[in-house]
Structures are given as C-alpha cells and as structure tokens.
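Trainee: Note that the protein sequences, when read in sequence, are chains H and D.
Just so you know, the first sequence maps onto residues 1 to 363 in full-length UniProt numbering.
Just so you know, the second sequence maps onto residues 1 to 320 in full-length UniProt numbering.
The list that follows gives simulated cross-link-like pairs (lysine-lysine, PhoX-like), each with its CA atoms no further than 25 Å apart:
1) D:Lys-308 with H:Lys-115
2) D:Lys-162 with H:Lys-54
3) H:Lys-57 with D:Lys-131
Source of the hints: derived by calculation from the structure; they are not laboratory data.
Note that this is a predicted model, so its numbers are computed, not measured.
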Amino acid sequence: MPELDMKKRTINFSEAIREGLDQAMEKDARVILIGEGVPDPKAIFNTTAGLLDKYGKRRVFDMPLAENGMTGICIGAALGGMRPVMVHQRIDFAILAMDQLINNAAKWHYMFDGKATVPLVVRMIVGRGWGQGPQHSQSLQAMFAQIPGLKVIMPTTPRDAKGMLISAIEDENPVLFIEHRWLHPIKGTVPEDYYQIPLDQAEILHTGTDITIAAFSYMAYEALSAAKALASMGISVEVLNMRSVRPLDIDSVLDSVRKTGRLIVADTASRAGSIAGELISQVVENAFDALKACPVRIASPDHPAPTSQYMTEKYYPGPNTVADAVVKLIGADINPIDYANLLATLRSDRPHDVPNNKYSGPF
Amino acid sequence: MQQMQPARLFKSMLRIRRIEEALADRYAEQEMRCPMHLCIGQEAIAVGVCAALHPTDRVFSNHRAHGHYLAKGGNLNAMLAELYGRATGCCGGRGGSMHLIDLDVGFMGSTPIVGGTVPLAVGSAWASSLKQSDQVTVVFFGDGCFEEGVVHESLNFAALHKLPVLFVCENNDFSVYTRRNERQPDRPIYRLAEAHGMAAFSGNGNDVEEVLNISSEAIDNARLGRGPQFIEFRTYRWREHCGPNFDDDLNYRSTQEIESGMGDCPIASHAAELTLKDASFSRDIEKYEDEIRQEIAAAFEFALSSKKPTSEDACGKVYA
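Can you make the complete structure from the sequences, with help from the hints?
Mentor: And the structure:
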C-alpha cells in the first residue's frame with residue numbers, strides 16, 4: 001500500500017466515514033446528505049456528527065419515513081445535478097426502496113442510452129448482535145448485487161471506509177455502500193487527506209501460500225484472526241478483503257487460488273444464493289484445474305437471525321469457524337493439542353453478541 | 001402568464017393526434033415491436049400544460065408519453081426511430097415507446113412503472129430549489145397513481161419543502177381496463193392532494209384553453225416559491241389501454257360510452273371555437289394537415305432508413 005507519504009493516524013470506522021463525508025461536502029457543494037436520523041443527536045452512530053452545523057439545513061437533512069419516495073426524490077435530485085448521499089440506519093429499511101433502486105436508479109443510464117446518469121450513494125447499515133433480530137440484521141448484498149447498473153460495495157477497514165466513500169460520491173453511478181455495524185468501532189490507520197480507493201479492487205490483508213480466504217466485510221477481520229493464529233501452526237493463509245460485491249474482483253481471487261489451490265469464501269450473509277456462491281462458481285469456471293480441493297462457503301444458516309442471545313450463539317461464523325474450515329480443507333497432520341490450544345486462543349472472552357467488551361447497548 | 005396563440009395550441013394537438021393515428025395504422029406491420037400506449041383523446045392536457053412552461057422547465061412522464069414528449073418539443077424523428085428500435089432512437093433502441101427522453105427540451109424521461117417518476121420530478125424540483133434556479137418541474141400521471149404509496153410520499157415531501165413542482169393527474173377513469181370506482185372510494189383526487197398541503201385545482205382536460213389557464217396559474221405559483229401545485233384534469237381515453245385499436249369488443253365499457261367520449265373531442269371543439277371566431281380558420285386547418293402529413297412521412301422515412309443496433313450494442317452503457 002502506498003502509505004509512505006501518508007500520516008499514520010488511527011481513527012475508527014465511524015470517524016473515517018464522518019471525515020470522508022465532511023471532506024466530500026467541503027470539496028463539492030453538490031453533495032447533500034439525507035436520511036432518517038442524519039441530523040439527530042445520535043448522528044447515525046456518529047458518522048454524521050457536526051455536519052448539520054457545518055453545512056446547514058439546505059444540505060444536511062432528516063427525512064420523512066418514506067424510503068421508496070425519498071430514494072426516487074434523491075434520484076431526481078441526482079438527475080437535476082446534485083450528488084445525494086442517502087443513509088439507512090438498517091439495510092432492512094432499504095428493501096422498501098427496491099422499486100426505485102432497481103427500476104430507476106439502476107436502469108436510468110442504460111435505458112436512456114447513456115444520456116443521463118444517477119450519481120447517488122446509499123449507505124446501508126447491517127446490524128448484528130444485541131438482539132437485532134430478524135428485521136434488523138439482514139446481510140442482503142447478494143440481492144442488490146444481482147442488479148446490473150448498481151454498484152455494491154462493502155468497505156472493511158477504516159481506510160476503506162473513507163477512501164471508498166469518497167470514490168462512491170465521485171462515481172457517476174448509483175453505489176450502495178453497505179456497512180457492517182460491528183465495523184464501526186474498529187480502529188485503523190486513515191490518511192488525513194482526501195483520497196480515493198477504487199470500488200473494484202480487493203486487497204490482500206494477509207499473505208499466504210496454503211489456502212485462500214476471500215472474505216467480505218466483517219468476515220475479513222474474523223478470517224484475519226484465524227490466519228494469524230494458524231500461522232503459529234505452520235499453516236499459511238492468504239486473506240483477501242474483497243471490498244466490493246458488484247463488481248466482484250474475480251481476478252485477485254483467481255491469482256491467489258492459482259497460488260494456493262484452495263479456496264474458502266467467508267460471507268456475512270446466509271448461505272443460499274449468496275455472493276459466496278457466485279464467487280465460487282466463477283472460480284470453478286475459470287480455475288478448476290488449479291483447485292486441489294472443493295471450495296468451501298462460510299456463511300450464516302438459512303434461517304432468519306433470531307433475537308434471543310441464547311439462539312444466536314451459533315448463528316454467526318467466527319474465527320473458530322474459519323480455522324476449523326481451514327484445517328479440514330488442508331487435511332494436514334495436526335497435533336490435536338496444538339489445535340485445541342489454537343482454538344482456545346481464538347475463543348473470545350467477550351459475550352458472543354457484542355463487538356467488544358465496552359459495548360453495553362442499546363445499539 | 002405566458003400566452004400561446006390559440007392556433008398554435010390547435011396545431012400542436014392536431015399534430016399529436018395525426019402522429020399517433022399514423023402509429024396506429026402502421027403498428028400491424030409488426031415492425032414497431034414494443035408496447036405502445038396512445039393518448040388519442042387526451043391531447044389537450046399535454047399541449048395546454050406544456051404551453052405554459054419555459055423551454056428550460058422539466059417534464060417527467062409515464063408509459064402514455066407520446067403527447068407529453070411532443071408537446072414539450074421532443075424530436076419526432078428520434079421518437080419514431082425509438083419505436084422502431086433503431087440506433088437513432090432517443091434511447092438508441094433501449095427504451096421503445098415507454099421510455100422517451102429528450103434532454104435538449106427538458107423532457108427528462110418517461111417510464112411505465114405507475115407512480116415511479118413522481119418522486120423523480122420532486123427530486124428534480126428539489127435540485128432546482130437548492131440551486132436557486134427558477135425552473136419548474138412537471139410530472140404527468142394517471143388516476144391509478146393515487147393508489148401507489150410513492151405518490152403520497154412524494155406529495156408529502158414536496159409540500160414539506162415547498163418545492164417548485166406541478167403534479168398533473170390525467171384522470172381518464174381507467175387503470176388498464178379497471179374503472180376507478182373499483183379501485184378508489186368516491187372522492188375527488190385533487191382534494192387528497194390539497195390535504196397534503198398544497199394548492200390544488202381541477203378542470204376539464206378536454207378544453208385546451210382551460211388547461212392552459214389553470215396550468216399557467218399553477219406554474220406561476222410554483223415559480224414564485226408558493227410551493228407544489230396539483231391539477232386534476234378529467235379526460236377520456238379513446239383507444240385500448242395498450243395497442244393501436246379501439247376496444248369495443250372487450251365489453252368493459254359500452255359502445256355508447258366510447259361514442260360519447262369521442263363526442264367530447266378536444267381538437268374538434270377547439271377547431272369549432274376558432275372557426276366561429278374566424279371563418280377562414282378552416283383553410284388554416286387544411287394547411288396544418290398538409291404540413292403535418294409531410295412531417296410525419298419524413299419522420300417514418302428517417303426511422304425506417306436508420307441504422308439497426310445489434311446484439312453487440314446491447315451490453316454497453318450499463319455503467320457511466
């Protein structure tokens with residue numbers, strides 16, 4: 001990564017988004033920010049804090065409870081020369097806007113022969129844990145990514161969050177920016193200047209030679225924890241932070257699989273019809289000969305997320321799930337004692353339904 | 001209030017009528033292979049509203065868009081070529097009759113999802129308001145739209161922010177073949193809009209002078225910052241919901257009803273009025289008919305001699 005000339009400053013994912021929005025609004029007066037709760041005291045998990053004071057009521061908006069209508073209004077504003085950023089505190093609310101997203105935003109450029117464009121960003125937050133339940137924790141990236149004309153991205157690191165948000169705002173197309181709630185408190189190095197990260201390029205988070213894990217969103221951190229632990233047992237894992245769901249950076253995955261011969265895809269969604277399945281299909285179609293074993297999907301089970309903490313214990317895959325899958329797939333001689341120790345180190349001391357020990361709800 | 005010569009209003013309506021009749025005549029040749037929704041009988045609304053607009057004002061429309069497109073000044077050649085699926089069409093063949101666009105004259109686009117362009121028009125007006133330009137945006141939609149939630153969401157936001165948008169409801173009483181009384185309680189649509197907090201009017205959509213007068217007032221209001229405006233115009237659809245034919249055979253409305261509807265022709269009544277004022281107008285009509293005939297013939301020739309796009313062209317322009 002070309003970070004030599006960038007200041008090494010650590011902030012969390014939420015602050016990175018806030019800074020990206022701030023700099024984009026400062027640079028371009030056409031950028032407007034709208035969503036339920038954008039100017040409220042909680043400021044969308046602090047991602048929009050202070051922006052109303054700085055940019056005023058003409059550019060920073062709360063909105064009526066009208067997801068479909070407001071999406072259409074943002075599309076119309078984009079056609080009228082603005083660059084709206086719309087925010088949904090839960091991705092589940094964006095389902096109310098499927099008509100406008102799919103029939104209008106995604107198709108406008110195509111159906112009118114490229115004569116008009118819809119430079120719209122829609123931030124959608126995936127909830128998880130603390131009883132978010134069936135309607136507040138869905139991970140619907142594959143559903144949106146099936147639509148030609150939409151770009152669907154899942155930034156993972158704080159550096160991704162700012163750089164990809166800026167790229168999304170500058171992009172001429174509708175971009176769905178899907179944030180996992182558990183990423184918000186994660187800290188990382190984020191340059192202070194205005195910078196872009198491309199919307200179509202995965203990055204290697206951890207290099208390795210035995211197996212490739214292509215991971216989406218929060219699962220990249222779980223895969224990274226597993227990879228670091230497995231290294232102590234001599235297993236070399238390559239972790240790709242996929243970053244984008246549509247377009248999928250299939251080339252980076254193929255390069256890695258041709259090196260390692262093995263593939264695990266770790267997704268935040270439930271299994272059936274997931275983007276993990278699509279990625280595996282493409283790898284099998286393009287690099288079947290390179291594979292030494294069947295690819296594996298790590299995903300949530302095919303039932304909705306229940307609310308009760310007692311029912312969610314096994315719902316979300318964690319680093320242990322990843323480590324287990326790696327060991328099974330490699331089939332190497334593993335000393336059972338070493339492996340038990342490894343799993344013990346990966347086992348978290350925090351409750352399973354919070355992102356960290358500081359966390360005490362409500363959310 | 002902007003004034004348009006009554007004769008120009010007449011010619012604009014006549015031109016739309018003759019173009020659509022020509023489309024209907026040639027539809028059976030199986031060369032225009034897209035759903036087509038004719039506005040024959042409803043021309044006065046498109047012409048009267050657009051006559052009250054500035055060239056820089058914007059219009060959004062729906063699947064029954066030919067009249068709106070032409071009245072706003074949309075290019076006829078590009079429209080016909082689009083219906084024939086040719087590369088010179090206004091959407092390069094990607095849209096057909098239900099997707100028309102001509103940004104040069106502020107015709108922002110039309111789509112067939114009922115209610116779908118209503119919020120877009122509000123967003124366009126929002127952009128104009130944020131940029132402090134004096135543009136007004138108009139959206140045309142039918143009575144069926146009032147059953148779609150997105151329309152109410154759009155009216156609410158437009159009223160909340162006092163946006164310069166004119167909502168034009170063309171009430172022809174039918175959603176496809178279903179009458180309004182099977183879909184909605186008995187109530188005036190425009191009063192619902194009024195309850196959303198905006199100025200609302202109703203009028204005879206088959207009287208072009210009345211359409212122009214009401215629209216001019218509403219558009220002036222919108223331009224002067226008095227917020228969104230709503231007009232419900234009563235009108236009648238002569239032909240089938242989709243396609244070139246009359247549809248007496250379907251038995252969802254009586255022959256007498258259709259005849260009575262056709263008896264209230266916006267073009268014939270305007271011609272009668274103008275002729276009453278000036279007997280020589282009947283000679284002008286002949287002249288208009290001739291000019292329009294020639295223009296239509298040339299447009300068909302343009303469309304039919306235009307390049308055909310290929311399957312290879314289909315994958316482009318998904319992303320900007």
